[in-house]
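Peer 1: Which chain is which? The protein sequence lines are L and Z, in order. Take the first sequence: its position 33, counting from 1, is numbered 33 in this note's numbering, and each next residue is one higher. Here this note's numbering = 1-based position in the second sequence + 113.
Please note that a few of the clues may not be correct.
Said to hold, decoys possible - Calculated cross-link-like contacts (lysine-lysine; reagent style DSS-like; alpha-carbon spacing at most 30 Å): (1) L:18 with L:69; (2) L:69 with L:57; (3) Z:183 with Z:172; (4) Z:149 with Z:206; (5) Z:206 with Z:164; (6) L:69 with Z:206; (7) Z:149 with L:71; (8) L:57 with L:17; (9) L:57 with L:71; (10) L:71 with L:18; (11) Z:170 with L:57; (12) Z:183 with Z:169; (13) Z:206 with Z:170; (14) Z:149 with Z:183; (15) Z:170 with Z:183; (16) L:71 with L:17; (17) Z:169 with L:71; (18) L:65 with Z:149; (19) Z:183 with Z:164; (20) L:57 with Z:149; (21) L:57 with Z:206; (22) Z:169 with Z:149; (23) L:65 with Z:206; (24) L:17 with L:69.
The set of hints was computed from the structure by calculation and includes no laboratory data. Just so you know, these numbers come straight off a predicted model, no measurement behind them.
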Amino acid sequence: EAQVTQNPRYLITVTGKKLTVTCSQNMNHEYMSWYRQDPGLGLRQIYYSMNVEVTDKGDVPEGYKVSRKEKRNFPLILESPSPNQTSLYFCASSFNPGGTEAFFGQGTRLTVV
Amino acid sequence: GQQVMQIPQYQHVQEGEDFTTYCNSSTTLSNIQWYKQRPGGHPVFLIQLVKSGEVKKQKRLTIQVGEAKKNSSLHITATQTTDVGTYFCAGPKGGSYIPTFGRGTSLIVHP
Chain L
1 EAQVTQNPRY LITVTGKKLT VTCSQNMNHE YMSWYRQDPG LGLRQIYYSM NVEVTDKGDV
61 PEGYKVSRKE KRNFPLILES PSPNQTSLYF CASSFNPGGT EAFFGQGTRL TVV
Chain Z
114 GQQVMQIPQY QHVQEGEDFT TYCNSSTTLS NIQWYKQRPG GHPVFLIQLV KSGEVKKQKR
174 LTIQVGEAKK NSSLHITATQ TTDVGTYFCA GPKGGSYIPT FGRGTSLIVH P
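Sequences are here, hints too, so could you generate the full structure?
Peer 2: Okay, here's the thing in structure tokens:
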């Protein structure tokens, strides 16, 4: 079954404690992306990757890092989380960015206290 | 910032009424995609339009794009409670092919 898998689904952490949200897809997609969703603001892109070792900033990259060492995985790293990073995060992948449908993960609800 | 604007932000309807959400861009979009996100769920792809003036229909859903490919609309006829959710449009940012999402329209259907 074609899918994008994110882990964890829920996470509560404290300010400053590094965390990683994993994302994996089984469709051999080259394009992967991270979004955060906040009430009234829709889906805002954090980072995206066009292929292995190729990443670029989206609209709201501050406070986040990503890596793309393998085609299937695209982890999101928060080196020093802050309360304003409390949000719902989605990973997505597609064969062709913007030209073919994007598949989204189930989402990770992060709370930073 | 986001270059794709959606209105309205919320829409309450009685079951059986029609619903329309609008998507507008300041620049011509090479294509427009629509997604639906159920409450507590993740966005799921609905449809994509590529050609100017294109109209696509799926059961009670009608999606169209303007001749200049700067605006699009999604229309649901005779809403049902299963239509509840947030509808997003997405299109490539000006000068690139990276998709940007509108803020979405949340549809609330009252039985």
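Peer 1: All the hints need checking, so say for each whether the structure fits it.
Peer 2: Now for the hints, and whether the structure bears them out:
1. L:18 with L:69: Satisfied, since the Cα-Cα distance of roughly 20 Å is no more than 30 Å.
2. L:69 with L:57: With a Cα-Cα distance of about 17 Å, the restraint between residue 69 (chain L) and residue 57 (chain L) holds, given a limit of 30 Å.
3. Z:183 with Z:172: 25 Å, holds
4. Z:149 with Z:206: 20 Å, holds
5. Z:206 with Z:164: Holds, at roughly 17 Å.
6. L:69 with Z:206: The hint holds at about 26 Å.
7. Z:149 with L:71: This hinted pair holds, its Cα atoms lying about 27 Å apart.
8. L:57 with L:17: 23 Å, holds
9. L:57 with L:71: 18 Å, holds
10. L:71 with L:18: 24 Å, holds
11. Z:170 with L:57: 36 Å, violated
12. Z:183 with Z:169: 17 Å, holds
13. Z:206 with Z:170: Answer holds: residue 206 (chain Z) to residue 170 (chain Z) is near 26 Å, not above 30 Å.
14. Z:149 with Z:183: 20 Å, holds
15. Z:170 with Z:183: 20 Å, holds
16. L:71 with L:17: 27 Å, holds
17. Z:169 with L:71: 34 Å, violated
18. L:65 with Z:149: Given pair residue 65 (chain L), residue 149 (chain Z) holds - Cα atoms ~28 Å apart, limit 30 Å.
19. Z:183 with Z:164: The given pair, whose Cα atoms are some 11 Å apart, holds under the 30 Å limit.
20. L:57 with Z:149: Holds, at roughly 25 Å.
21. L:57 with Z:206: 13 Å, holds
22. Z:169 with Z:149: Satisfied, since the Cα-Cα distance of roughly 16 Å is no more than 30 Å.
23. L:65 with Z:206: 22 Å, holds
24. L:17 with L:69: Within the cut-off at roughly 23 Å; holds.
The structure is inconsistent with the numbered hints 11, 17, although it conforms to all the rest.
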